[in-house]
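Start from chain A and add chain B according to the hints.
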Amino acid sequence: MPEPNAILNNPELAGGTREQDLIARVQRGQHELFYELVQPFERRVYAAALAILRNEADAEDVAQEAVLKALANIRQFRAEARFSTWLIQIAVNEALMRRRRERTRSVESIDDHRDEESEYKPREFADWREIPSEALERKEVRQKLAEALASLDHKYREVFMLRDMEQLNIQETAEALGISIASVKTRLLRARLMLRDLLAVGWQQGWFSREPMGKGNKPW
Amino acid sequence: MVVNCEQVWREISNYLEGETDPALRAAMDDHFCTCKACASVLAGTRNVTALYGDERMIEVPAGFSRRLEKKIAQGVRSEKSGWSTWSAWLVPVAALVLIGVGVRVANSVTLNPPLKSEHADPGHDIPPDMPVVVSVATRTFHVAGCDFIHNKETVRTMKASEAIREGYVPCVRCMRKYLSVAGLPVGLDADALTAEEALKETEGD
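Protein chains in written order, with the working numbering: chain A, 11 to 230; chain B, -10 to 194.
Here chain A stands alone, though its shape is the one from the complex:
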């Protein structure tokens, strides 16, 4: 049990304690505190929905529904799980349900299997340097990265988003999507390699240089 001062001096511990305190209070009926509890994760909830639905309006709608569903079921939340993971899993479920309602995927699933059976081989072998994270300050860079991600087939995009953007672990990703751990690993490898190739093109075309991208310098 950490000392009280240790908690105050350690933002991570203090944050965890604050979150636990908020959860307990909301579970006791202080629902007006719920936004304070979900606010740190609202962007991740939206991103999870967007990665599945690829439509901003639908993603926002689902994010709101997921948050309200979490509120309605807050008493079922158990402290063994991370609150953020629980919340994101609800959002993923809601988004998957909406997608199922809106379209049939029988043809797609045949393609899914064929894609996973064949190995993906990297195509670009340019000499890479580490891309400075400051590059993300530029909206156009973020836009290019978002477009590259959106161009992936949904099964790769979803796994990549949950593991590499939402920071769920492999097991949690498998549970959220209802697929095996082996499938998560296969899809994750493929998603990372495909994005790497897409970004390599951008690297050659100067996306990540300090200069803004010029007109006509579009990679695809």
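Simulated from the structure, these hints should not be mistaken for lab results. Just so you know, not all the hints are guaranteed correct.
[Said to hold, decoys possible] Covered by chain A, according to a simulated footprint, are these stretches of chain B (three or more residues, beta-carbon under 8 Å):
no., segment
1, 0 to 7
2, 21 to 29
3, 39 to 45
4, 51 to 57
5, 61 to 68
A virtual CB, placed ideally from N, CA and C, is assigned to each residue, including glycine.
Same frame as chain A, but now just chain B:
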């Protein structure tokens, strides 16, 4: 252990996850030192995970937070108004229950009030073997010779216990001794025959 490029590509994701066994990891490390293409694949994949893992990559539409906060507030309000609806129902229901209980309690008092009329008094301590005259028409029983026996053509003689069992009530005049109203003993009426006198008269006959 020696690995080729294709084995490296297959395992690169697990390598980044730290999920390769130590021997394979060491072999891959050796490979990266000598293979520029695989070093490029590793560097590029690391860039991918670093860039997409950055918080700034998650952009929400303008006004998203405000709208979400509003939606939650609405949800909380509707939950509470759901409770209000319940409580709005609860108030009249509780009132009805209280009224019902009140009526029942009142009835238990008013339906079994202390007798206010001596005519309905069943009497007490009446000797069960005492001979009485019952008047069928008035549903009363009397000591023999009572002036208040009406419809004398319908009278019968029986024991007091039988008369009480058949639902007859004592005469308020001749049986006054055995009556009480509102729990208070009623004095003997000077005009009426006492039960003892009537009994003596009956025995004398």
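The hints, checked one at a time:
no., hint, result
1, 0 to 7, "holds (count 5)"
2, 21 to 29, "holds (count 3)"
3, 39 to 45, "holds (count 7)"
4, 51 to 57, "holds (count 4)"
5, 61 to 68, "holds (count 5)"
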